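**Student:** Residues per chain are reported as follows:
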Amino acid sequence: MGSGIKAIGGYLPLLRLDRKLAARELAWSGLGMPRAGFRAVADWDEDSLTLAVEAARGLASPAPAAFRFASTSAYFTDRAQSGIAVDALALPRSTRATDLANSRRAGTSALLDALLSGSDEIIAAGEKRPTQPGSAAQLAYGDGAAAVRTGGAESPARLVGHASLTHDLVDHYTSRDHPTPYAYEERFVRDIAVAELLLPAVRAACASAGIEPAALAHVACADPVSGCWKAVAKKLKIAPVEHCEVVSQKAGDLGAAHALFGLGVALASAKAGDFVLLVGFGGGVDALVFEVVAPVPGAAEMAAMLDEGERLASITRFLSLTGSIALDWGMRAEFEQKAQATVLERVGRDMIGFIGGRDSLGNVQFPKSFYPVNPALTHPEELADVRLADLTAKVVSVTADRLNFSPDPPFHFGLVQFENGARVLMELVNAPQTGFAVGDHVRMRLRIKSQHARLGFRTYFWKAAPLARPQLGEA
Amino acid sequence: MAQGIKDKVAIIGMGCTRFGERWEVGADGLMVEAFTEALADAGIERDQIEAAWVGNALDDINVGNSALPAAHALRLQRIPVTRVENMCATGTEALRGAAYAVASGACDIALAIGVEKLKDAGYGGLPLRTKGLHNDLWMPYGSAPGTFAQLAGAYAARHGIAPADLKRAMAHVSWKSHQNGALSPKAHLRGAVDMEKILGAPLIADPLGLFDCCGVSDGAACAIVTTPEIARALGKANPVTIKAIQLSASNGAELQYGEWDGASVPNTQVAAARAYAEAGIRDPRAELDFTEVHDCFSITELVIMEDLGLSDPGRAPADILDGRYDRDGAIPCQLDGGLKCFGHPVGATGLRMAYEVYNQLQGRAGERQRAKADLGLTHNLGGAPFNSVAAVAILGRLD
Numbered sequence: 001m002g003s004g005i006k007a008i009g010g011y012l013p014l015l016r017l018d019r020k021l022a023a024r025e026l027a028w029s030g031l032g033m034p035r036a037g038f039r040a041v042a043d044w045d046e047d048s049l050t051l052a053v054e055a056a057r058g059l060a061s062p063a064p065a066a067f068r069f070a071s072t073s074a075y076f077t078d079r080a081q082s083g084i085a086v087d088a089l090a091l092p093r094s095t096r097a098t099d100l101a102n103s104r105r106a107g108t109s110a111l112l113d114a115l116l117s118g119s120d121e122i123i124a125a126g127e128k129r130p131t132q133p134g135s136a137a138q139l140a141y142g143d144g145a146a147a148v149r150t151g152g153a154e155s156p157a158r159l160v161g162h163a164s165l166t167h168d169l170v171d172h173y174t175s176r177d178h179p180t181p182y183a184y185e186e187r188f189v190r191d192i193a194v195a196e197l198l199l200p201a202v203r204a205a206c207a208s209a210g211i212e213p214a215a216l217a218h219v220a221c222a223d224p225v226s227g228c229w230k231a232v233a234k235k236l237k238i239a240p241v242e243h244c245e246v247v248s249q250k251a252g253d254l255g256a257a258h259a260l261f262g263l264g265v266a267l268a269s270a271k272a273g274d275f276v277l278l279v280g281f282g283g284g285v286d287a288l289v290f291e292v293v294a295p296v297p298g299a300a301e302m303a304a305m306l307d308e309g310e311r312l313a314s315i316t317r318f319l320s321l322t323g324s325i326a327l328d329w330g331m332r333a334e335f336e337q338k339a340q341a342t343v344l345e346r347v348g349r350d351m352i353g354f355i356g357g358r359d360s361l362g363n364v365q366f367p368k369s370f371y372p373v374n375p376a377l378t379h380p381e382e383l384a385d386v387r388l389a390d391l392t393a394k395v396v397s398v399t400a401d402r403l404n405f406s407p408d409p410p411f412h413f414g415l416v417q418f419e420n421g422a423r424v425l426m427e428l429v430n431a432p433q434t435g436f437a438v439g440d441h442v443r444m445r446l447r448i449k450s451q452h453a454r455l456g457f458r459t460y461f462w463k464a465a466p467l468a469r470p471q472l473g474e475a
Numbered sequence: 476m477a478q479g480i481k482d483k484v485a486i487i488g489m490g491c492t493r494f495g496e497r498w499e500v501g502a503d504g505l506m507v508e509a510f511t512e513a514l515a516d517a518g519i520e521r522d523q524i525e526a527a528w529v530g531n532a533l534d535d536i537n538v539g540n541s542a543l544p545a546a547h548a549l550r551l552q553r554i555p556v557t558r559v560e561n562m563c564a565t566g567t568e569a570l571r572g573a574a575y576a577v578a579s580g581a582c583d584i585a586l587a588i589g590v591e592k593l594k595d596a597g598y599g600g601l602p603l604r605t606k607g608l609h610n611d612l613w614m615p616y617g618s619a620p621g622t623f624a625q626l627a628g629a630y631a632a633r634h635g636i637a638p639a640d641l642k643r644a645m646a647h648v649s650w651k652s653h654q655n656g657a658l659s660p661k662a663h664l665r666g667a668v669d670m671e672k673i674l675g676a677p678l679i680a681d682p683l684g685l686f687d688c689c690g691v692s693d694g695a696a697c698a699i700v701t702t703p704e705i706a707r708a709l710g711k712a713n714p715v716t717i718k719a720i721q722l723s724a725s726n727g728a729e730l731q732y733g734e735w736d737g738a739s740v741p742n743t744q745v746a747a748a749r750a751y752a753e754a755g756i757r758d759p760r761a762e763l764d765f766t767e768v769h770d771c772f773s774i775t776e777l778v779i780m781e782d783l784g785l786s787d788p789g790r791a792p793a794d795i796l797d798g799r800y801d802r803d804g805a806i807p808c809q810l811d812g813g814l815k816c817f818g819h820p821v822g823a824t825g826l827r828m829a830y831e832v833y834n835q836l837q838g839r840a841g842e843r844q845r846a847k848a849d850l851g852l853t854h855n856l857g858g859a860p861f862n863s864v865a866a867v868a869i870l871g872r873l874d
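Residue numbers (this note's numbering), protein chains in the order written: chain Z, 1 to 475; chain D, 476 to 874.
Since the hints were made in silico from the structure, they are not lab data.
From a predicted model like this one, the values you see are computed outputs, not experimental measurements.
Incorrect hints may have been included.
In silico EDC-like pairs for lysine to aspartate or glutamate, Cα to Cα no more than 20 Å straight-line [stated by the list, open to error]:
#1 Lys711(D) with Asp534(D)
#2 Lys237(Z) with Glu185(Z)
#3 Lys271(Z) with Glu212(Z)
#4 Lys368(Z) with Asp390(Z)
#5 Lys394(Z) with Asp503(D)
#6 Lys594(D) with Glu334(Z)
#7 Lys234(Z) with Glu212(Z)
#8 Lys338(Z) with Asp534(D)
#9 Lys368(Z) with Asp801(D)
#10 Lys672(D) with Asp801(D)
#11 Lys594(D) with Glu734(D)
#12 Lys338(Z) with Glu308(Z)
#13 Lys394(Z) with Glu382(Z)
#14 Lys594(D) with Asp640(D)
#15 Lys394(Z) with Asp801(D)
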């Protein structure tokens with residue numbers, strides 16, 4: 001097999017809920033499992049698409065031939081999110097783009113297809129799954145994303161074996177009429193998943209790779225319920241290091257992104273010559289065996305990301321951010337900002353790509369205009385594209401606005417100046433505990449810009465966030 | 476520079492409603508109230524008015540667009556009526572339209588009227604827009620306090636002033652306006668407030684607290700303008716005249732070009748320089764007797780004092796704390812309480828400022844009367860520091 005993983009990326013939102021906090025809150029009810037570790041919690045303006053784009057940002061240059069977006073929690077049901085991602089990443093319109101949905105296995109299946117076809121692709125999986133308060137899923141799940149860039153035989157992690165099984169095991173489901181997970185008994189799921197799906201697939205993948213299971217050094221297995229991989233390892237009498245569990249502990253089950261994020265963590269630990277097993281689960285199983293020949297770009301950053309974050313101290317805020325409760329924000333929250341398709345068609349690509357313009361004298365401005373803002377230029381001219389999304393900037397002025405409605409107040413916004421001279425009035429997110437200050441350095445993050453709840457539509461734009469994140473610290 | 480309109484236009488009548496939460500009256504009633512007072516003051520009949528400019532900024536929720544709401548409310552008899560809108564500078568824009576019409580000779584007597592009915596929004600602060608156009612795809616939609624609050628951090632950074640010291644100077648701005656507002660019978664907020672209460676108020680947009688923010692009010696104000704010759708013929712022996720009226724609008728440079736640090740409002744500087752030149756003012760600190768400026772927020776007034784050249788750069792906090800702009804100071808600011816306490820019905824505000832100057836110049840300001848009141852300035856600011864329209868007008872007596 002002449003294909004492999006060229007690079008990998010991940011993204012977790014800043015906030016982490018300490019599950020103990022939720023467990024204490026639910027103690028009266030007997031609900032609230034699991035009780036250990038953290039759950040990554042997306043901001044109100046993050047969704048599965050923005051998370052996936054953030055995970056894929058480091059993989060997008062040079063442009064791939066195809067972009068695949070995998071998620072079970074995509075916002076739009078008939079608007080290709082992969083197409084929005086192509087614009088957000090400023091990829092060419094000739095990029096083949098596909099959305100894959102309806103299975104947590106969508107990410108690994110897309111990866112396997114890309115590797116088997118030898119295609120140069122980005123597979124980006126993102127999840128922000130709605131859950132019901134009190135359910136195990138609400139605390140077990142996490143919001144996050146992972147992305148993989150496939151490549152040829154020169155890749156640092158080469159595909160050497162694989163196997164897939166299709167099996168409609170209903171461990172849980174969501175549907176249009178039941179958008180939060182409905183889960184069946186864990187003992188039943190574990191028994192069937194291990195015996196009928198995981199064991200046969202792992203054995204077949206190892207056979208395909210020409211190795212014994214004992215040769216596996218690292219594993220990233222997305223367990224449908226806890227303990228599945230342990231049972232598989234016990235049955236196979238092997239003890240490789242499994243890496244999805246630490247993702248579950250520190251961020252939560254990331255759904256379609258879970259196995260891929262675990263793969264990133266596994267690759268961060270792997271050394272040349274190691275065999276790494278990737279297992280995706282959902283309506284069947286994909287098992288892929290990689291041989292690591294060199295460090296995989298992006299893997300170490302994914303492992304480090306697990307320990308970064310800010311504790312989310314309020315259960316009410318957690319419930320609000322996850323859409324589990326609807327707070328009465330007052331009349332100002334009645335504001336709905338409608339997006340016009342005509343406007344999106346004219347300028348949407350520059351907006352979501354955060355593309356400004358460079359005038360003939362070299363000044364960069366955002367947004368573009370017919371007459372350049374540069375007063376030295378007195379006639380209309382065509383401005384050359386300049387992408388601002390990947391540049392850092394400095395805060396010129398800023399405030400924490402407590403009057404303006406925000407689903408997660410206060411609303412930070414201010415003027416920032418980019419390293420190339422462009423300046424843009426922007427929203428700021430992930431405020432440090434001390435707030436933002438003039439002179440702070442910031443980087444750009446893709447976020448939801450506007451949400452029209454009644455019409456079920458949203459737009460996306462970039463917001464400024466601190467360059468670095470705090471360490472999460474011990475629970 | 477062009478010759479300008481200095482002393483070519485006289486104000487012969489003005490009116491202003493009580494500003495505030497006028498639950499009992501709509502925009503039409505507010506306009507009638509201000510207009511009736513102005514007609515009586517001018518000593519003319521409605522039908523002597525040949526053209527009108529109506530200023531109204533937020534048509535979506537209150538007055539309605541076009542000339543028609545004013546034409547209907549005042550039953551103007553098929554004269555040319557023009558609606559103007561330039562955000563919070565709308566009131567001065569209406570006055571500018573009427574003044575230019577008279578100065579050009581296009582008409583003899585013109586009306587400028589500004590009105591806003593904000594308290595039908597259902598909540599505090601300014602109402603929200605909903606258009607969904609290009610800017611909505613990228614521009615943050617912060618509140619008005621949020622946009623102006625950013626002046627504070629930027630000002631502190633530019634001048635190396637401690638945030639707590641700046642906050643105290645800002646609090647003094649509000650304290651002073653509350654003192655003045657208490658003497659204004661038509662003001663929205665008429666209670667004096669002590670410094671500790673101002674400093675301890677809840678935050679609205681960091682570092683602006685509740686008392687750093689102006690009231691949002693219902694109200695209307697209007698002016699009737701004519702030529703000095705006609706004014707005299709109407710019995711106004713020494714009429715109030717417009718010495719200058721200038722406006723400067725952002726072209727996007729603050730947001731898109733250069734190194735503006737967010738600690739000043741360039742349009743105020745430009746409009747003021749032009750207005751001083753038009754009025755023939757060389758030393759505004761010595762020549763201006765008082766000002767009415769756009770103190771939508773305390774930090775705005777502080778920065779305006781420097782942008783108008785009344786304080787040296789970085790000195791406004793000290794000048795404010797020294798009382799230079801207090802009622803008994805060298806150049807009082809907001810003798811009527813300003814936006815902060817008189818109120819801010821957006822489209823009426825610029826004309827309300829002119830109303831106070833007009834009354835002061837004629838010795839009709841009651842308890843607020845300034846002993847020496849020969850030359851007064853109004854400064855009316857629309858938009859936000861980073862994207863603004865600034866209007867500066869200077870009024871005095873003809874002789």
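**Student:** Please flag the earlier hints that this structure goes against, numbers listed from lowest up.
**Tutor:** As far as the earlier hints go, 1, 2, 5, 9, 11, 12, 13, 14 and 15 are violated by this structure, in ascending order.
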